[in-house]
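Enquirer: Sequence:
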Amino acid sequence: MRWFKSAAGMLVVFCLSCGGGKDQSAIVVAIKADADQINPVTHVTAFGRILCTGVLPRLMESEFDTSTGLIRYSPLLAKSYEFSQDGKSLTYYLRTDWQWEDGVPVTAKDIKFTFELIRHPDVASPKKEHLQMLDDGGADHLDKAIEIPNDSMIVFHFKKPYALQLYDTNLQPGFLPYHILKDVKPSELRQHSFNSKPLSAGPFKIQAWKKQEQIVFVRNDHVPLPAKTERIIFRVIPEYTTRLTALKTGEADVMYPVNPQDVSDLRQSGIRIDVMRSRYYDYLGWQNIDQKIYHESDGKIIKPHPLFGDKRVRRALTMAINRQEIIDGFLGEFGRPAVSPISPLYKWALNDTLKPLPYDMDAAKKLLSEAGWIDHDGDGILDKGGRRFEFELYYDAGNERREFAALIIHKNLETVGIKAEIRQVETNVFYDNELKKNYDAFISGIGVTLQIDPTSEWHSDLQKNLYNDVSYQNAEVDRLIEEGKNVRSSADATEIWKKFQAIIYDDQPATFLFWRDEIVGYSPKIQNTHTSILGEIDKFWLWTISNGQ
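Quick note, the sequence shown lines up with residues 1 to 549 if you use this note's numbering.
Honestly, the hints are just simulated from the structure, not real lab data. Values in this document were obtained by computation on a predicted structure and should not be read as measured data. Hints are supplied without guarantee of correctness; some may be wrong.
Claimed, not checked - DSBU-like, lysine-lysine: derived pairs with alpha carbons at most 35 Å apart:
| id | residue 1 | residue 2 |
| --- | --- | --- |
| 1 | K464 | K144 |
| 2 | K311 | K464 |
| 3 | K464 | K159 |
| 4 | K292 | K211 |
| 5 | K464 | K160 |
| 6 | K498 | K436 |
| 7 | K211 | K197 |
| 8 | K436 | K525 |
| 9 | K355 | K384 |
| 10 | K300 | K436 |
| 11 | K498 | K525 |
| 12 | K303 | K128 |
| 13 | K79 | K197 |
| 14 | K300 | K159 |
| 15 | K525 | K160 |
| 16 | K128 | K436 |
| 17 | K79 | K109 |
| 18 | K79 | K128 |
| 19 | K88 | K182 |
| 20 | K384 | K32 |
| 21 | K411 | K311 |
| 22 | K355 | K498 |
| 23 | K499 | K525 |
| 24 | K159 | K539 |
| 25 | K160 | K182 |
| 26 | K366 | K248 |
| 27 | K355 | K228 |
| 28 | K32 | K88 |
| 29 | K182 | K228 |
| 30 | K109 | K159 |
| 31 | K411 | K32 |
| 32 | K464 | K303 |
| 33 | K248 | K185 |
| 34 | K436 | K182 |
| 35 | K144 | K436 |
| 36 | K160 | K419 |
| 37 | K499 | K128 |
Claimed, not checked - Quick list of the computed label-pair ranges, beta carbon to beta carbon:
| id | residue 1 | residue 2 | range |
| --- | --- | --- | --- |
| 38 | S460 | A139 | 22 to 28 Å |
| 39 | E483 | D97 | 38 to 44 Å |
| 40 | P149 | E483 | 30 to 36 Å |
All C-beta atoms, glycine included, are put in the ideal place defined by N, C-alpha and C.
From just these sequences and the hints, can you work out the full model?
Expert: In structure tokens:
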């Protein structure tokens with residue numbers, strides 16, 4: 001298998017060099033895996049979100065202020081906005097010179113239509129939380145909550161003022177064309193051809209998408225703010241070493257993520273390194289509920305998971321895993337321990353009294369014994385009520401960081417009498433099964449929201465919050481989330497989020513492994529890059545190619 005993968009890698013390098021060499025007018029981005037789709041309502045992968053921002057219209061541009069931990073907004077499709085005197089209504093005034101690539105104007109109708117799709121139960125959008133505070137008057141539609149006085153004006157009405165009104169209405173990946181999708185049944189949206197050949201009103205338009213090979217974006221000259229570069233090619237190269245070689249040889253101009261151990265060598269090769277700090281954390285997800293019973297009852301019956309339903313067990317698992325060894329061995333200076341889902345970047349909300357649970361095998365064994373897990377038959381594996389403590393541990397194929405972590409986790413858990421069989425799965429298949437709660441245990445990661453809103457990952461409503469992949473449920477956490485989201489300003493939520501972190505820390509619904517920096521490698525000829533907390537290749541439509549190259 002190792003030989004086959006290496007041979008496949010060499011084949012990709014050869015193919016990259018075929019056909020008379022690289023097109024010097026195009027920027028080539030080497031990526032690990034393809035996107036699932038280009039649809040801001042239904043996409044799941046982070047790369048799918050990135051592609052949406054390149055081809056679809058957005059209300060406002062975002063900038064993260066590292067000094068305050070808050071987002072600043074500036075005009076884009078919306079030329080201005082204003083709040084009503086009572087703070088319960090937000091009005092956007094739109095430009096009238098923005099068009100879809102077929103010449104049809106982008107209007108307020110497109111924005112409202114997108115929110116209606118997010119709201120529709122047959123779509124099952126993971127972004128439903130953006131609508132929870134809209135004042136719909138209890139109706140099953142948004143006619144009262146979102147008004148369109150005219151094509152260039154849209155008004156959002158809220159139940160009350162709160163800190164995330166701008167954030168929730170700026171559906172960051174973009175909006176959908178009403179005139180193209182209005183007759184599509186919501187239940188068929190995920191399978192619609194638009195998702196692979198979307199109509200553009202962004203800085204780029206899509207020229208071609210050959211699944212699992214490459215996506216070609218070309219400049220869209222039909223919008224007021226077209227891309228600065230003529231063409232960008234996102235090339236799928238699953239093998240990390242092959243992507244790395246492509247960057248070094250100039251067959252690719254941009255690569256992310258770069259493994260920390262390769263940074264020094266790349267710098268010596270003339271590659272420019274940019275770093276995005278601490279927005280992403282990796283975690284070991286433990287399924288908190290018995291998902292078999294959950295699925296068989298259509299979500300009506302919830303019982304604790306037979307292995308991971310006891311928080312003593314989850315705490316023991318965390319203490320049995322040498323998280324610092326994973327950080328030191330793979331991330332080095334580009335990683336730091338994680339104790340909760342609140343990023344260190346949000347200094348105003350961070351509960352810095354919480355320290356990583358120690359790596360302590362003896363304490364882990366004691367907790368497991370207290371929970372009834374003992375090696376009764378002497379075979380080296382803990383058991384309880386006739387069930388052995390063994391499970392399959394999944395991660396996304398091609399992710400060397402998680403492969404490295406999985407091997408250490410396997411070794412550590414074996415020491416305390418737990419058998420974890422490692423399984424790697426193709427990226428899109430992995431994330432699909434993760435969200436469907438088909439795995440008992442998995443290694444995954446989250447990019448935290450740009451303003452604190454842990455609803456989708458940690459709120460108890462498993463039907464609405466699809467990203468709660470470990471099925472964590474805690475009524476006090478639910479209350480704190482709602483309270484923290486609904487305060488008038490972020491500063492008022494500081495103590496709320498500190499309490500939230502303390503409960504998560506105590507319950508250990510997942511083992512928080514580390515916060516990691518995302519490292520991007522750029523050819524020196526690529527200028528005007530913008531790596532930030534908003535994304536590894538944030539604002540890639542502003543990239544230019546240096547004339548000196």
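Enquirer: So, for every hint listed, does it hold in this structure?
Expert: Comparing the hints with the structure gives:
The suggested pairing of K464 with K144 holds, with an alpha-carbon distance near 22 Å, which does not exceed 35 Å. For the suggested pair K311 and K464, the alpha carbons sit about 24 Å apart, so the restraint of at most 35 Å is met. Between the alpha carbons of K464 and K159 the distance comes to roughly 19 Å, so the proposed pair stays at or under 35 Å and holds. At roughly 33 Å between alpha-carbon atoms, K292 and K211 fall within 35 Å of each other, so this suggested pair holds.
A distance of roughly 22 Å separates the Cα atoms of K464 and K160; the hinted pair therefore holds under the 35 Å criterion. Between K498 and K436, the direct Cα distance comes to roughly 30 Å. Compliance with the 35 Å bound is thereby established for this hinted pair. Restraint check for K211 and K197: the C-alpha separation of about 12 Å stays at or below 35 Å, so the hint holds. Taken as a hint, the K436 and K525 pair is broken in the structure, with Cα atoms around 43 Å apart against an allowance of 35 Å.
Restraint check for K355 and K384: the C-alpha separation of about 31 Å stays at or below 35 Å, so the hint holds. Using a Cα cut-off of 35 Å, the hinted pair K300 and K436 holds, with the two alpha carbons roughly 15 Å apart. For a cut-off of 35 Å, the pair hint linking K498 to K525 is broken: about 44 Å separates their Cα positions. At roughly 26 Å between alpha-carbon atoms, K303 and K128 fall within 35 Å of each other, so this suggested pair holds.
This hinted pair checks out: K79 and K197 have alpha carbons roughly 28 Å apart, not beyond 35 Å. Restraint check for K300 and K159: the C-alpha separation of about 29 Å stays at or below 35 Å, so the hint holds. For the proposed pair K525 and K160, the alpha carbon gap of about 49 Å is over 35 Å, so the pair is violated. At most 35 Å may separate the alpha-carbon atoms for a hinted pair to count; K128 and K436 meet this at roughly 17 Å.
For the given pair, K79 sits about 17 Å from K109 by alpha-carbon distance, which is consistent with the 35 Å threshold. For the hint linking K79 to K128, the alpha-carbon distance of about 26 Å falls within 35 Å, and the restraint holds. Between the alpha carbons of K88 and K182 the distance comes to roughly 29 Å, so the proposed pair stays at or under 35 Å and holds. As the CA atoms of K384 and K32 are separated by approximately 41 Å, the hinted pair breaks the 35 Å bound.
Of the supplied pair hints, the one linking K411 and K311 holds, its CA atoms being roughly 22 Å apart against a limit of 35 Å. Distance check on the hinted pair: K355 and K498 sit about 13 Å apart at the alpha-carbon level, within 35 Å; holds. Restraint check for K499 and K525: not satisfied, since their Cα atoms lie roughly 47 Å apart, outside the 35 Å limit. In summary, the hint linking K159 to K539 is supported, as the alpha carbons are separated by about 33 Å, within the 35 Å threshold.
At most 35 Å may separate the alpha-carbon atoms for a hinted pair to count; K160 and K182 meet this at roughly 30 Å. Simply put, K366 and K248 have alpha-carbon atoms about 50 Å apart, too far for the 35 Å limit, and the pair is violated. Proposed proximity of K355 and K228 is contradicted: the alpha carbons are some 45 Å apart, above 35 Å. As the CA atoms of K32 and K88 are separated by approximately 44 Å, the hinted pair breaks the 35 Å bound.
With a C-alpha separation of about 32 Å, the suggested pairing of K182 with K228 holds against the 35 Å cut-off. With a C-alpha separation of about 22 Å, the suggested pairing of K109 with K159 holds against the 35 Å cut-off. In summary, the hint linking K411 to K32 is supported, as the alpha carbons are separated by about 27 Å, within the 35 Å threshold. A threshold of 35 Å between alpha carbons decides the hint, and for K464 with K303 the separation of about 19 Å falls inside it, so the pair holds.
Taking the CA atoms of K248 and K185, the gap is near 47 Å; set against the 35 Å cutoff, the hint is violated. With a C-alpha separation of about 28 Å, the suggested pair K436 and K182 falls inside the 35 Å cut-off, and the hint holds. The straight-line distance between the Cα atoms of K144 and K436 is roughly 33 Å, inside the 35 Å bound, and the hint therefore holds. Note on K160 and K419: the hinted pairing is violated, with a Cα-Cα distance of about 51 Å set against a maximum of 35 Å.
Annotation: proposed proximity of K499 to K128 holds, straight-line Cα distance about 25 Å (limit 35 Å). For the pair S460 and A139, the beta carbons lie near 25 Å from each other, so the given range of 22 to 28 Å is met. Checking the proposed 38 to 44 Å range against E483 and D97 shows it holds: the Cβ atoms sit about 42 Å from each other. Restraint check, P149 to E483: a C-beta distance of roughly 33 Å satisfies the suggested window 30 to 36 Å.
In summary, the numbered hints that this structure violates are 8, 11, 15, 20, 23, 26, 27, 28, 33, 36.
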